[in-house]
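A.B. asks: Take the sequences, apply the hints, and build the full model.
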Amino acid sequence: MRKQNGADVYSGFNVDIKNENVDKFEASQPPEYKEYREKWEEYPKKLIIPEFPLHLDIGITSKCNLKCPMCTRTQKIGDTTWVETRHLEFEFFQKAIDEGGSKGLCAVDFDNFGEPLLNPNIFKMISYAKSKGILDVFFHTNATALNEINGRKLIEAGLDRLIISFDSPYKEKYEKIRIGAKFEKVLRNIKNFAELKKQLNVIRPLTRINCIKFHDITRKEIEDTIALFSPIVDAVSFIDYVDPVKSKEGCFDGSYESGFICPQIITRLTIWEDGMISPCCMDYDRTLCFGNLKDMSLEDAWKSRKLQQIREKHFSGKFFEIPSCRTCDFALESDMKYKKEKEE
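The opening residue of the sequence shown carries number 3 in our numbering; numbering runs sequentially from there.
Keep in mind that a hint or two might mislead.
Said to hold, decoys possible - Below, in silico cross-link-like pairs of lysine to any residue (SDA-like), each with a Cα-Cα straight-line distance of 25 Å or less:
1. Lys41 x Gly319
2. Lys339 x Phe254
3. Lys199 x Ala159
4. Lys65 x Leu120
Hints in this document: simulated from the structure, not taken from any laboratory.
C.D. replies: In structure tokens, the structure reads:
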């Protein structure tokens, strides 16, 4: 595997290791895919609002077979504030994809706060999205259900990318984080899926390991994770830990103007399992929702007055006047970087 993100791959613990399959995947994409990725980077920087979101996060299920302590779902089930556990009905998924496919939707991620492989319609959903021209269809999984049958079905359905959550190369620590999962079984599932891809001589879906950077992560743990997975998957990444209950809150006075503008309000929408629509995949309490897929179009949601008001707050440097944004890890950390850059 080759190293990305500069000479020192451990700089800030942001590591992204990729193999040659990633290059082959990119090279095989149509021109529209490159245009989509350029828009994904360019639009938030230039504050260009497309006529329709580029990306949808579609929660196809709120069911999960694990109880990970850092997961919002686990926390909210514990304090009895979690939404009803259910699968998204296929007809409403179909409605979203039909509209998106005709209006420029480029990417779909099939998860919100559940395990997508628990939805029996997932293979049908992948096939349907690809049939409507969606360029990038993917989801995150804990890989507990990534057996050979499901693996073959994912490949046959046309899945583009599979992102696997695996937070430690050490059995004891992994099982304390991914409560309910068995280290050896999940690792075997991942290895078997890699072998299946080789047997079938396919690149898709690209496989990527996501490892959360908990506060106690060590350099050796990062090195051991890379050593474990580099021969197996196409990419290995380390992602920031996110507070599952938004316990922090920034201190802002009325005269302050932030340089932070959330890219989500420019590029994507989130659909919950019951059809509720939000502009943010981290809207845990659903305070930003502005309608339901069952009785409104995604275009109407995208151009709704509530979302326009949210954008206006962000564009004017006042994201912190929105309670949900004021307690968002991503917003607070990004704002802090802005402050430091301004002071320097």
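A.B. asks: Determine for every hint whether it applies to the structure shown.
C.D. replies: Here's how the hints hold up against the structure:
Straight-line distance between C-alpha atoms of Lys41 and Gly319 comes to about 23 Å, which keeps the hinted pair within the 25 Å bound. Of the supplied pair hints, the one linking Lys339 and Phe254 holds, its CA atoms being roughly 15 Å apart against a limit of 25 Å. Simply put, Lys199 and Ala159 have alpha-carbon atoms about 14 Å apart, close enough for the 25 Å limit, and the pair holds. A distance of roughly 7 Å separates the Cα atoms of Lys65 and Leu120; the hinted pair therefore holds under the 25 Å criterion.
Comparing the model with each earlier hint shows no violations; every hint is respected.
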